[in-house]
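Chain by chain, the residues run as shown.
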Amino acid sequence: MSARADSVRRYFFAVTAQQYSRALTWTLIAPLLVLLLAAFVWPIVKFLSLSVLDPSPTLAHFAEIFDRTFYWTILLRTFRTGLIVTVMALLLGYPVAYLMANVRGLWAAAIAAIVILPLWISILVRTFVWFIFLGRTGLINKAAMGLGIVDQPMRLINTEVAVWLAMTQILLPVMILPIYASLRAIPPELGKAAEGLGASKAGVFRHVILPLSLPGVAAGAVLVFIMSLGFFITPMLIGGPRSMMIATLITEQATKFLDWPEAAALSTILMVITLAIVIVFNRALRLDRVMGSGA
Amino acid sequence: MNAISTDMVATGAPVAIRGLEKRYGAVVAVHQVDLEVKAGEFVALLGPSGSGKTTILMTIAGFETPTAGSIGIGGRDVTVLPPNRRNIGMVFQRYALFPHMTVAENIGFPLRMRKIGGAEARTRVEAALAMVRLEGYGDRRTSQLSGGQQQRVALARALVYNPPLLLMDEPLGALDKNLREEMQLEIKRLQQRVGATVVYVTHDQSEALTMADRIAVMDGGRIQQYGPPREIYDSPSNAFVAGFIGETNFIDGHVAGGAKPVFAVDGSEQKVALEASGAPREGPSRLAIRPELIRLGDPAGSELSGTVEEMIYGGGTVACHVRVGNGAVVMARVPAADAIGVRLGDRAGLVWQADRAKVFPR
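Those protein sequence lines, which keep their order, are chains A and B.
Just so we're aligned, residue 354 is where the first sequence starts under the working numbering, counting upward by one.
Just so we're aligned, residue 239 is where the second sequence starts under the working numbering, counting upward by one.
No lab work stands behind these hints, which were simulated from the structure alone.
Heads up, some of the hints might be wrong.
[What the hints assert, rightly or not] Estimated spans, in silico, between C-beta atoms of each pair: (1) S402(A) - P337(B): 42 to 52 Å; (2) S374(A) - V580(B): 55 to 65 Å; (3) T305(B) - A461(A): 20 to 30 Å.
[Claimed, not checked] Only part of the chain B face toward chain A is listed, based on derived beta-carbon distances under 10 Å: (4) G300; (5) P320; (6) P321; (7) N325; (8) M328; (9) V329; (10) A334; (11) H338; (12) F347; (13) P348; (14) L349; (15) M351; (16) A396; (17) Y399; (18) D407.
Please read all numbers here as calculations on a predicted model, not as lab measurements.
Glycine included, C-beta positions come from ideal geometry on N, C-alpha and C.
Please model the complete structure; the sequences and the hints are all you need to start from.
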């Protein structure tokens, strides 16, 4: 559990690493670097370049995207879904992270297990679980019909709400772990000091714990938001064609319509917007560190 | 400055601890402790780690609930009151400054919690900054300050709302020696100026001796002795206090001889006359004598003598280690002039005033 929390923390919060010599450093990272260049960077550049180079230098593929409102609807839906999933994961995840950081012994282990175990289960499985709940003959429909609330099964699956629920559940650990890490990093005497200086329990949370956990909240929010933009399996299976998101659209362009340049143009747009968000967030976080929240 | 300084004066509150007991499962951290602190008094809780001193402080603060007994602050029973309603000032070892707030925001925090805002809060924060000699540091980040400055901010934050009681948990533990001594005097000066009652936890005896009006020496969850520094140092009430405060030689032996009691050193033929009034009952005992109370004398004319084993030069004084009998080595700290001519392997007599030696049952 802590391995993942640690790597997340190390990614977002500066941790001074042990110093190795330059030669050793390069030797150690060379194999991965070669693999990344050959199997990741090169294909991506090659693929994305299709959007402006196929068949000859052109902006036609981008122009086509700007012309089709259908694409814009999907792009908008993707970002709306990302935003809603992020907010939901934050609202549900923060209390869990707080609990995890503040209980000890068996309870802490139990909560950690509940948070971490789903990460070991395939996303496909976690997605299909929602059919058991939301399907035509799923638990909720059966219960609602059994209780006489409805007499026809409701359409719960293949809705955007179902996509939000499933994605929130799947991404929840990604929100919880960075928040947990930042809560654990708060020295316990700060809470005591605040209380000793006259703050109520609620005051301690509002004025000390919450502001100091914001870096974790930001890290979790960025991770969940960006991961949700690229979600493919869950929106495709649970959302169906009517709640299509951009990853599904790109796949369809490439595999169904064999329009690789168009898929590349869509990918470029998704990547540019994602990068922009990351940069803006990083900038905001750094500013925050310099000026302090001072709330 | 003058107008402000009078404003900062608060009246200290007396603290009354009665029958305090704190158990963690089977472990007894504090054992039936009674402690009275007068209004405006500076009391140090001094003891080794695990002696229960911090537990007592945390119970006064309200972070720990006593298993039995009661805590009174300013005549009010606060035993079950939460910390934020006890109106105490608190300073921690690691300062516990809020890293997301500026210096001024840190100091203003207790005022904000008391709904004091605007011009009054600003004036008070300024006054508190001036009090700890950090004028103009209000807008700094706490991470930009040195350890000593951070501790002064913590002090200002604890004093800004004139708490009648200030609790300090090893506040100078993280500072280096010079800074620590400087801060000891500064804290003492501030305390006298604001008039607050202080309960101060430390394991550093010189800190307690320097600062406190009274010291409660703790060990094993009990108060071993409670009194002014001089009394603690000169008349320790048991062997633990004698050994814990200052340097002390312990010599094992037996008390004998009724009206004219003598102390027979174990493993030796030597006997030392004892003060008749202060002598304990006969039997196995332990004699305690401070190194600086011993003079070197003529081995033939002294009751106690031995072989000089080691001489450690210390500037104005020399520490002479003298082996008496087969077990005990007694250290005498004598003026350097008295040690001229003394050589390793010489016989030396050890002389002290009978009433300065303490004898405790063993």
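Provide an ascending list of the numbers of those earlier hints which the structure does not satisfy. Structure breaks no hint.
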